[in-house]
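K.L.:
Sequence:
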Amino acid sequence: MLGDLWSFQGRYRTLHLTWFAFFLTFVVWFNLAPLATTVKADFGLSVPQIRTLAICNVALTVPARILIGMLLDKFGPRITYSSLLVFAAIPCLLFASAQDFNQLVVARLLLSIVGAGFVIGIRMVAEWFPPKEIGLAEGIYGGWGNFGSAFSALTLVIVAGWLSFSGGFELPGGDILNWRGAIALTGIISAVYGFIYYANVSDTPPGKAYQKPAKSAGLEVTSMKDFWGLLGMNVPFAAILCVLCWRLQKVGFLNAGTYPLALVAVLIWFIFQTWGIIRTNRELILGTKTYPKEDRYEFKQVAILELTYIVNFGSELAVVSMLPAFFESTFDLPKATAGILASCYAFVNLIARPGGGLISDRLGSRKGTMGLLTIGLGIGYLVMSLIKPGTFSGTAGIAIAVLLTMACSFFVQAGEGATFAMVPLVKKRVTGQIAGMVGAYGNVGAVAYLTIFSLLPIWMGGDAKDPSPEIVAASNSAFFQVLGIAGLIVGFLCYFFLKEPKGSFAEEHADEAALAKV
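-4 is the number of the first residue of the sequence shown in my numbering; add one for each residue after it.
Hints in this document: simulated from the structure, not taken from any laboratory. Please read all numbers here as calculations on a predicted model, not as lab measurements. Wrong hints could be hidden among the right ones.
[To be verified] With a straight-line cut-off of 27 Å between C-alpha atoms, the simulated DSSO-like cross-links for lysine-lysine are:
#	residue 1	residue 2
1	K220	K295
2	K210	K295
3	K497	K127
4	K127	K295
5	K497	K288
6	K69	K288
7	K494	K284
8	K295	K245
9	K220	K35
10	K494	K127
11	K220	K207
12	K220	K288
13	K494	K220
14	K295	K494
15	K127	K69
16	K497	K203
17	K284	K210
18	K127	K203
19	K210	K220
20	K207	K330
21	K69	K284
22	K295	K69
23	K295	K497
24	K288	K35
25	K203	K69
26	K127	K35
27	K295	K207
28	K497	K210
29	K35	K245
30	K127	K288
31	K203	K330
32	K69	K497
33	K284	K295
34	K288	K210
35	K69	K245
36	K69	K220
37	K383	K330
Working from the sequences, and respecting the hints, build out all of it.
P.N.:
The structure is reproduced here in structure tokens:
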């Protein structure tokens, strides 16, 4: 596969077009972060208000990933991805033309839906690549596409400066940044590429049928034990949305009147989700349908993969959010220097995620790869907990800390690649919904970890608004320990309960082989 990767023919062409679609969704999704201070100054926002916008940027990603997974299995990745790319222009233009804080919030909530685009390409790549190559293919898709967040951070301020000829916000130093034009441009480029993508890809290779579930209102399972397991694994989705509502209430966006309404909305969504699962599996529940052995799959596999994505992707999102401040406070560095050092964690993604998929392809055991990388990230985070003020000092100490961070990052992001090397192999016709659920659990993990991170200084006896440097250092160390212990627990679950998917290294997917025999 590596030799043909740059041929831009056949399946490799589809792979490149698809990872770039994912890349653009991440450019759009993360287009606020590099311009946040400028937006804050332009609107005169408070720190809690700018943090509220950051929360809104992920608020709807969890339910959106589940919903898009359903639409994906029903309509196919071509039309689903194209539609999402075109849709992205709407909230970008709304944000770029906003005149007050409430309009910014609405636009950011809509933009959080764009963050669900990742799951679409998982199904597209799985349709075009055989199981024996799925790890590297999905790793390239995820790793190179994920670089869109770093690209946004590196370029949007420059783009905003280039667009200053048409006006913009003047910074205290005299520079003018047209942040509105930069954000609008990301949406316009996304929409244009949506049409290009639709015109240049197909859901499957020629002569291959696109498998759809009979019903897509909820995930189809094949046993009553799995039905109850599925209902149980849906509870954390509602719980984490309640946590998001609580955080919005804490920063003052939701008041005494709107906070209960938000919780009721979460409850309604949970009931809707539960009813969809019941409708989809109605015949199984009533006992009028049984699945032959060759058509069954174990939902336990999905649940464990959801847990792996909590500890790898969920921890990545959390660590990326706190790492610049961690380097700044630990080594007493300027903000710019700390930000550059922290970026090494994200840059590893370019090779680590494809590397994780490649290891999964070559090692001969996807289960073993998943367990090894997950335990590796657990150990990596425990080692990072040793990085404290005074433990490492000087240039040599900073260099060692950066190397440890990059080593840990490799296991984290290679683990993400290994997770999605397995997801398409669980059950082909519901890959979209499985990918949506696993992907959503990554966001569940991120919100849970960041909530723990924000509360640790208080739990350790520090001041809620301005904890002492000693408390900050201790809470940072405890946070990495939480990540490490969680990784070790899930790693052992992989070794003892995760099963090797059927036909992990076959020339075709197990579902397709079964259909061929009918």
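K.L.:
Next, verify each hint and record whether it holds.
P.N.:
Comparing the hints with the structure gives:
no. : hint        : in the structure
1   : K220 x K295 : 10 Å, holds
2   : K210 x K295 : 21 Å, holds
3   : K497 x K127 : 12 Å, holds
4   : K127 x K295 : 23 Å, holds
5   : K497 x K288 : 12 Å, holds
6   : K69 x K288  : 24 Å, holds
7   : K494 x K284 : 25 Å, holds
8   : K295 x K245 : 36 Å, violated
9   : K220 x K35  : 50 Å, violated
10  : K494 x K127 : 17 Å, holds
11  : K220 x K207 : 23 Å, holds
12  : K220 x K288 : 15 Å, holds
13  : K494 x K220 : 17 Å, holds
14  : K295 x K494 : 9 Å, holds
15  : K127 x K69  : 26 Å, holds
16  : K497 x K203 : 20 Å, holds
17  : K284 x K210 : 14 Å, holds
18  : K127 x K203 : 18 Å, holds
19  : K210 x K220 : 20 Å, holds
20  : K207 x K330 : 50 Å, violated
21  : K69 x K284  : 21 Å, holds
22  : K295 x K69  : 24 Å, holds
23  : K295 x K497 : 15 Å, holds
24  : K288 x K35  : 58 Å, violated
25  : K203 x K69  : 16 Å, holds
26  : K127 x K35  : 49 Å, violated
27  : K295 x K207 : 22 Å, holds
28  : K497 x K210 : 24 Å, holds
29  : K35 x K245  : 19 Å, holds
30  : K127 x K288 : 23 Å, holds
31  : K203 x K330 : 53 Å, violated
32  : K69 x K497  : 24 Å, holds
33  : K284 x K295 : 21 Å, holds
34  : K288 x K210 : 20 Å, holds
35  : K69 x K245  : 39 Å, violated
36  : K69 x K220  : 25 Å, holds
37  : K383 x K330 : 18 Å, holds
The earlier numbered hints that this structure contradicts are 8, 9, 20, 24, 26, 31, 35.
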